[in-house]
Amino acid sequence: MSDVRIEKITRPETIKLPFMLDFYPLQDEKNTKISPFFKKLKEGRLTTTKCKECGKLLWPPRIVCPECLSDQLEWADLGTEGELYAFTEVRLGAPLGFVQDVPFCVGIVRIGGLLISTRIDDAKYEDLKIGDKLQLKIVELDDERVFFRFTPIK
Amino acid sequence: MRKVAIAGGGAAKAGKRAASWRDLVQEAGKAMFENVENLSPKDVDSIFVGAAQPERFAFLSYVAPLVAEYIGVTPRKVLARTELACVSGQAAIRYAWNCVATGMSDIAVAIGVEKMYPPDMAESQTTMACVLDREWDGVNCFSAPPFFAVTAQRHMYEFGTTEEQMALVSVKNHHYSSMNPIAHFQKEVTVEAVLKSPVVSPPLNLFDCCPMTDGSAGVILVPAEDAKKYTDAPMYPIGSGQCAIGNVINNLASLTEWVPLRLAAEEAWRTAKITKDEVNIAEVHDCFTISEIMEYEGLGFCEKGKGGKFIEEEEPYIGGKVAVNPSGGIMGCGHPLGATSIYHTIEILKQFRGDVNKGRYVKDAEVGIQHSLSGAANQHSIMVYGREPR
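Chain order of the listed sequences is W and L.
Each residue of the first sequence is one higher than the one before, starting from 3 at the first, in this note's numbering.
Each residue of the second sequence is one higher than the one before, starting from -8 at the first, in this note's numbering.
Hints were generated in silico from the structure; no laboratory data involved.
One or more of the hints may lead you astray.
Here are the computed lysine-lysine pairs in the DSS-like style, where the Cα-Cα straight-line distance is at most 30 Å [claimed, not checked]:
hint, chain 1, residue 1, chain 2, residue 2
1, L, LYS354, L, LYS295
2, L, LYS354, L, LYS267
3, W, LYS10, W, LYS32
4, W, LYS131, L, LYS349
5, W, LYS58, W, LYS32
6, L, LYS312, L, LYS349
7, L, LYS295, W, LYS131
8, L, LYS349, L, LYS267
9, L, LYS33, L, LYS341
10, L, LYS349, L, LYS300
11, L, LYS312, L, LYS295
12, L, LYS187, W, LYS131
13, L, LYS300, W, LYS131
14, L, LYS220, L, LYS354
15, W, LYS126, L, LYS187
In this text, all values refer to a predicted model and were calculated from it rather than measured experimentally.
Model the full structure from these sequences, guided by the hints.
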């Protein structure tokens, strides 16, 4: 046995959820130029940017139109009711941060001329079908950030 | 532009390996160099390292010099890591090919690596979930399985594709991988076993999905005129096509027709001066069973919407219309992101050389393609290889 000393060192057992493992985007005006999207979401409005020059509706919201390079964009409401285009349920293989919610439904909703991905809350996979009407709902994180989801209209 | 050859290649055994990221690279590097004659690592002037997510999987950035160091290469011409998610390995081959073709490089290595089994699998799933647009799709838990699940659902809804047809893809690919010694899985599966395997994201079951895999594979590219110095049986890149349309789910061309695949295929046939009917071997990206069905269609091997029938009629088996994934595909061989395309490139090289088991040998093959897709299937890449230069 060598006489070299072995010293045990310690590291923190838990660390605060790091930014690099957080799926939810930063939302305030210090961190993003599309903060109005999240402000409107807090008011119950799902919006995106529309180009004032070429009229193109852009998803996700952005600050420059990729069609005509104009930076003259305006906020357009997408409405609060959509139609289910496709769906599934996450049963295995959920990432950290979502594991505790398993199983849960996700899908693609047709709304305001777009096909956007979403969580579908308050629904079982077996009860959903393509074409179902969905209602916008908002979820709020513990730090007051918000995000959109959808829920079936009974 | 010069004609280019792949002089040789080698790979680590793929699977859930008791080996680190850098162990895998060393195994692949050794196997690669031992596959060529009259060439040592010091002769290599350029290196491209396909690595999709080393920051996440190995907590490493800046991996091109690290890999060069480990496999004994001191590049003096061109080097870089190439990242294109699941296509990172083919991206490395493309850059190496271009560098040798233009004369910027005389001997270039394209090597890929991924170590996907950390102690906690949920961490790997988190890593994978930032490939699709993390802030707008990943946040809704659209990682690969849910995305390909909704793709399958729409394909079933629009074209009547069935879960049994999808299962047949898994049966075929596990059949071939059972005869492939470097594959992740060496066990056959039945339709019943696929249908009864645990549900991941309906309609996709566990055996509809490729596994996460540890692996590394590399190839060496040289000018075609020098190729016979290093091997009796080189393989020649004779054409290619690559296309991306949109990224976030809303901006895809279509969920049920992979338009970028169709366009990449048209470009591949045009540049290789072949038709789809001349393809003998198609190593395609069967990350999920539905993917391979949609690839039969997108590559034009069958009509749009008839991919399910194509596998039912055994057309993608050896002896059918075209041998699709005689390696066992990603489903059977595994999917170490940055290395995957290179494993399947080496498969075509081995097929041309007759260096595979009899049960999965495609006799007299002259043309093989290696196809990979990435992200929300919004990007497709095809390389066309010939036994002879064209």
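Going down the list of hints, with the structure as the test:
1. LYS354/L x LYS295/L: holds, 29 Å
2. LYS354/L x LYS267/L: The given pair, whose Cα atoms are some 18 Å apart, holds under the 30 Å limit.
3. LYS10/W x LYS32/W: violated, 42 Å
4. LYS131/W x LYS349/L: violated, 47 Å
5. LYS58/W x LYS32/W: With a Cα-Cα distance of about 27 Å, the restraint between LYS58/W and LYS32/W holds, given a limit of 30 Å.
6. LYS312/L x LYS349/L: holds, 19 Å
7. LYS295/L x LYS131/W: Status holds; Cα separation ~24 Å.
8. LYS349/L x LYS267/L: holds, 25 Å
9. LYS33/L x LYS341/L: At roughly 25 Å apart (the allowed maximum being 30 Å), LYS341/L and LYS33/L satisfy the hint.
10. LYS349/L x LYS300/L: Given pair LYS349/L, LYS300/L holds - Cα atoms ~27 Å apart, limit 30 Å.
11. LYS312/L x LYS295/L: holds, 16 Å
12. LYS187/L x LYS131/W: holds, 23 Å
13. LYS300/L x LYS131/W: With Cα atoms ~25 Å apart, LYS300/L and LYS131/W stay inside 30 Å; holds.
14. LYS220/L x LYS354/L: holds, 26 Å
15. LYS126/W x LYS187/L: holds, 21 Å
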